[in-house]
Amino acid sequence: MAACCLDKGSAVRRREREGTKLRAGRRRKQPERLGPGGGPGGDGPGSPATPASFLASASAAEKSLRLAFMEELMTRARGGDVAGVSEVIYDMIAAGLSPGPRSFHGLVVSHVLNGDVEGAMHSLRRELSAGLRPVHETFISLIRLFGSKGYSRRGMEILAAMEKLNYDIRQAWVILVEELVRSKHLEDANDVFLKGGKNGLRATDELYDFLIQEDCKVGDHSNALEICYEMEAAGRMATTFHFNCLLSVQATCGIPEIAFATFENMEFGEDYMKPDTESYNWVIQAYTRAESYDRVQDVAELLGMMVEDHKRLQPNVKTYALLVECFTKYCVMREAIRHFRALQNFEGGTKVLHNEGNFGDPLSLYLRALCREGRIVELLEALEAMAKDNQPIPPRAMILSRKYRTLVSSWIEPLQEEAELGYEIDYIARYEAEGGLTGERKRWVPRRGKTPLDPDVAGFIYSNPMETSFKQRCLEDWRMHHRKLLKTLLYEGLAVLGDASEYDYIRVEERLRKTIKGPDQNVLKPKAASKMTVSELKEELEAQDLPTDGTRNVLYQRVQKARRINRSRGRPLWVPPVEEEEEEVDEELDELISRIKLEEGNTEFWKRRFLGEGMDRSQGKTIEVEQVEVSDLMDDVDAAEDAVKDVEDEEGDEEEEVEQTETEIPDGERVKYKEAEAKKPLQMIGVQLLKDSDQTTTSTKKSRRKVSRASVEDDKDEDWFPLDIFEAFKELRERKVFDVSDMYTIADAWGWTWERELKSRPPQRWSQEWEVELAIKTMQKVIELGGQPTIGDCAMILRAAIRAPLPSAFLKILQTTHSLGYVLGSPLYDEIISLCLDLGELDAAVAIVADMETAGITVPDHTLDRVISARQGLDSVADDVPE
Numbered sequence: 001m002a003a004c005c006l007d008k009g010s011a012v013r014r015r016e017r018e019g020t021k022l023r024a025g026r027r028r029k030q031p032e033r034l035g036p037g038g039g040p041g042g043d044g045p046g047s048p049a050t051p052a053s054f055l056a057s058a059s060a061a062e063k064s065l066r067l068a069f070m071e072e073l074m075t076r077a078r079g080g081d082v083a084g085v086s087e088v089i090y091d092m093i094a095a096g097l098s099p100g101p102r103s104f105h106g107l108v109v110s111h112v113l114n115g116d117v118e119g120a121m122h123s124l125r126r127e128l129s130a131g132l133r134p135v136h137e138t139f140i141s142l143i144r145l146f147g148s149k150g151y152s153r154r155g156m157e158i159l160a161a162m163e164k165l166n167y168d169i170r171q172a173w174v175i176l177v178e179e180l181v182r183s184k185h186l187e188d189a190n191d192v193f194l195k196g197g198k199n200g201l202r203a204t205d206e207l208y209d210f211l212i213q214e215d216c217k218v219g220d221h222s223n224a225l226e227i228c229y230e231m232e233a234a235g236r237m238a239t240t241f242h243f244n245c246l247l248s249v250q251a252t253c254g255i256p257e258i259a260f261a262t263f264e265n266m267e268f269g270e271d272y273m274k275p276d277t278e279s280y281n282w283v284i285q286a287y288t289r290a291e292s293y294d295r296v297q298d299v300a301e302l303l304g305m306m307v308e309d310h311k312r313l314q315p316n317v318k319t320y321a322l323l324v325e326c327f328t329k330y331c332v333m334r335e336a337i338r339h340f341r342a343l344q345n346f347e348g349g350t351k352v353l354h355n356e357g358n359f360g361d362p363l364s365l366y367l368r369a370l371c372r373e374g375r376i377v378e379l380l381e382a383l384e385a386m387a388k389d390n391q392p393i394p395p396r397a398m399i400l401s402r403k404y405r406t407l408v409s410s411w412i413e414p415l416q417e418e419a420e421l422g423y424e425i426d427y428i429a430r431y432e433a434e435g436g437l438t439g440e441r442k443r444w445v446p447r448r449g450k451t452p453l454d455p456d457v458a459g460f461i462y463s464n465p466m467e468t469s470f471k472q473r474c475l476e477d478w479r480m481h482h483r484k485l486l487k488t489l490l491y492e493g494l495a496v497l498g499d500a501s502e503y504d505y506i507r508v509e510e511r512l513r514k515t516i517k518g519p520d521q522n523v524l525k526p527k528a529a530s531k532m533t534v535s536e537l538k539e540e541l542e543a544q545d546l547p548t549d550g551t552r553n554v555l556y557q558r559v560q561k562a563r564r565i566n567r568s569r570g571r572p573l574w575v576p577p578v579e580e581e582e583e584e585v586d587e588e589l590d591e592l593i594s595r596i597k598l599e600e601g602n603t604e605f606w607k608r609r610f611l612g613e614g615m616d617r618s619q620g621k622t623i624e625v626e627q628v629e630v631s632d633l634m635d636d637v638d639a640a641e642d643a644v645k646d647v648e649d650e651e652g653d654e655e656e657e658v659e660q661t662e663t664e665i666p667d668g669e670r671v672k673y674k675e676a677e678a679k680k681p682l683q684m685i686g687v688q689l690l691k692d693s694d695q696t697t698t699s700t701k702k703s704r705r706k707v708s709r710a711s712v713e714d715d716k717d718e719d720w721f722p723l724d725i726f727e728a729f730k731e732l733r734e735r736k737v738f739d740v741s742d743m744y745t746i747a748d749a750w751g752w753t754w755e756r757e758l759k760s761r762p763p764q765r766w767s768q769e770w771e772v773e774l775a776i777k778t779m780q781k782v783i784e785l786g787g788q789p790t791i792g793d794c795a796m797i798l799r800a801a802i803r804a805p806l807p808s809a810f811l812k813i814l815q816t817t818h819s820l821g822y823v824l825g826s827p828l829y830d831e832i833i834s835l836c837l838d839l840g841e842l843d844a845a846v847a848i849v850a851d852m853e854t855a856g857i858t859v860p861d862h863t864l865d866r867v868i869s870a871r872q873g874l875d876s877v878a879d880d881v882p883e
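Everything in the sequence shown is counted per UniProt numbering, starting at 1 for the first residue and increasing by one.
Just so you know, the hints here were simulated from the structure itself, not pulled from any lab data. Note that the Cβ used here is the ideal one computed from N, Cα and C, for glycine as well. Heads up, some of the hints might be wrong.
[As the list claims (entries may be wrong)] Beta-carbon label-pair distances, calculated as ranges:
no. : residue 1 : residue 2 : range
1   : P762      : A804      : 17 to 25 Å
2   : G115      : A233      : 36 to 44 Å
3   : L598      : T438      : 54 to 62 Å
4   : K730      : Y272      : 40 to 48 Å
5   : Y272      : G115      : 40 to 48 Å
6   : D861      : W754      : 55 to 63 Å
7   : T438      : P526      : 40 to 48 Å
8   : A233      : E206      : 13 to 21 Å
9   : K388      : Y427      : 39 to 47 Å
10  : E356      : L128      : 49 to 57 Å
11  : E413      : W720      : 52 to 60 Å
[To be verified] Restricting the straight-line Cα-Cα distance to at most 27 Å, the calculated cross-link-like pairs of lysine-lysine (DSS-like) are:
no. : residue 1 : residue 2
12  : K195      : K217
13  : K403      : K471
14  : K730      : K597
15  : K487      : K471
16  : K471      : K329
17  : K217      : K351
18  : K561      : K525
Use the sequences and the hints to build the structure in full.
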């Protein structure tokens, strides 16, 4: 502040005798006036405008006295003691010394330190009325005071007064703008800055950066851009920092095209304006939070540009959080999971993703999306990452289903069903408890005739899309893995199986195709009612708790009506229970399949392949009969959601093709054709671009002759490549189209060391025991993070353990249920204890009864009698056994 303008000095000695040393008849010095040159009077020897005659006649006593007065005055001025400064000035006058500009400067500074605008101006007027010229520091002090108070007009007046006295106002102008910005008067600061710029004042680099940054923080894009233009006109070009400030405003305006236009200017500009990680973050945020339409493709293109520039910049925690938010919002969960795993490497990454619940709470959306798709292993990873970051689970993440199930159990089959609690539910009481009478109860769907709302909007939070169960997810992952194995087998040929015969190759291929196809789905369709017998009609009605009396015609009409009702309400039609055939275990075949190695993400492997290493020229030809089938099978094999659908669509074509093959090819020749197909060479990613699309799809010799003739004619064309894959690779290397160092993945560029290991790991097959184990872990982790599972969650996990059956988990589930304050119905407890006794798990039954009594739950007498009798029987058997 203004105290920095004061001369520093130590504490002054009290003036006891110095006033008496002056002669009474000495002539009193007159106050110094402004001379023709505008020079001020001084407070002591050395003042620039002090007359030479005075300097010659001044005594040493006067110099010492004036110095003592000035030290005392400056000390009190630094402390903001206005009365003390005035007292010293009066003492100076009484001692025969006239106060000069620095004395009044101390008086002004004391008012400034107290924030007294009027007092400071009064002191300035008093100085001017005495005919003195204020020093530069006095004006600077007033400028700081007016800037801190937001008085831009008065500050401009002070600048005009300084200019009239021939002072350099540039420093004062800069200080005024800075103080106005710090005091949150940004609009006035912009006006003062732009007026000074138009009058030829050039700001410092720090002021340009400070103003642009503060304007962008409040969203004032227009003024920030104008200041950028002023800066460039002054000879300083905008850098990445300034563009990032502008992007921060453009990213929140809802029109991402504006931000991307600025980003392109940076991308194609000079080195000092190239986009950095923050630039990418702002543009990704603009696309992610735009409310117009799906922008995931734009984000993917930005991501590709960022990966290409990986040697210059790397993503940070905000980049990964925004990418997880984007891919979650647009339901691209595989990419969201990949980037969430990268986010875990940053401490506090889940807190950044949560973002204090703003922008839809991306963390909750991610957790709910994982649960909705049945990805519980990834959900547990996310919960463990939250525990590591001390991030409690948001309440919004728990709201998933209208069936009173949360992410703890809504992925367990049966989906979209309320759990069986073991007692009758009073739905009227529940409706009233939820606020149904007061209108506070949340609606499931929007009212008819109204604009449809996002199911995730408050008030409609339970209206979720259909979930995918964990069992379904495991089956889809299993099929997709085998689809990749089949793709590798067809590309690599017999060599991938090692020391195996053609017969082994055919067996492995048939096994993989059978796994991809899955069980026959036709059995799930109900039989036509007109073709059903009376016993079949009664079975279907009895399974749905419908009456079974009457003639066949009555039963037939009743079944038809029940089916129409189920279809209208979206319920599945009843079909007779079918026992699933247990798949035969062929260890030899499994060992052959395990030899097929997937090289996903293995960059070194593909580099060697491109260089021609590890490829055998004996793998040369493929047959025409199977060409279409293989090419169809290879299209979009990496799309998980289309894996099963694609195979089902191909079934009909495969059957027709097999029939044609059987008629055209003798049985003895079939193994030879299979062998030729097995020797099909590997085609690397991107190699298909080297061939004409007509060539890869034609299957007749006539069309092949046309393609080869056209290739001969275009020999001299630069786009020509040989048909043989080895020659094509060689041609690529000779032309130096791209170098081996350019072959990398996003995992290589960003150091995702875990990705290659995860891709090479085969998926685990679903089992009821594994599902129960994961459910218990999920529930415990949710409770640890502050979540509240519902009683429906507990009952659903318990029912899954009963289906297993898994008696060892009963006690753990019940203890957790009771610790949450929930009590299930007696029939459910009775069923659990009876199941334990039937399975011979007497200790588990006794432990459950003990836990019920500890929780204050009444155990029915007949259940207690069964446990006691079983215990006594076990003891008697033990007594009969000789030692």
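Now for the hints, and whether the structure bears them out:
no.	hint	result
1	P762 <-> A804: 17 to 25 Å	holds (23 Å)
2	G115 <-> A233: 36 to 44 Å	holds (37 Å)
3	L598 <-> T438: 54 to 62 Å	holds (58 Å)
4	K730 <-> Y272: 40 to 48 Å	holds (43 Å)
5	Y272 <-> G115: 40 to 48 Å	holds (42 Å)
6	D861 <-> W754: 55 to 63 Å	holds (57 Å)
7	T438 <-> P526: 40 to 48 Å	holds (44 Å)
8	A233 <-> E206: 13 to 21 Å	holds (18 Å)
9	K388 <-> Y427: 39 to 47 Å	holds (42 Å)
10	E356 <-> L128: 49 to 57 Å	holds (55 Å)
11	E413 <-> W720: 52 to 60 Å	holds (56 Å)
12	K195 <-> K217	holds (22 Å)
13	K403 <-> K471	holds (19 Å)
14	K730 <-> K597	holds (26 Å)
15	K487 <-> K471	holds (25 Å)
16	K471 <-> K329	holds (24 Å)
17	K217 <-> K351	holds (22 Å)
18	K561 <-> K525	holds (17 Å)
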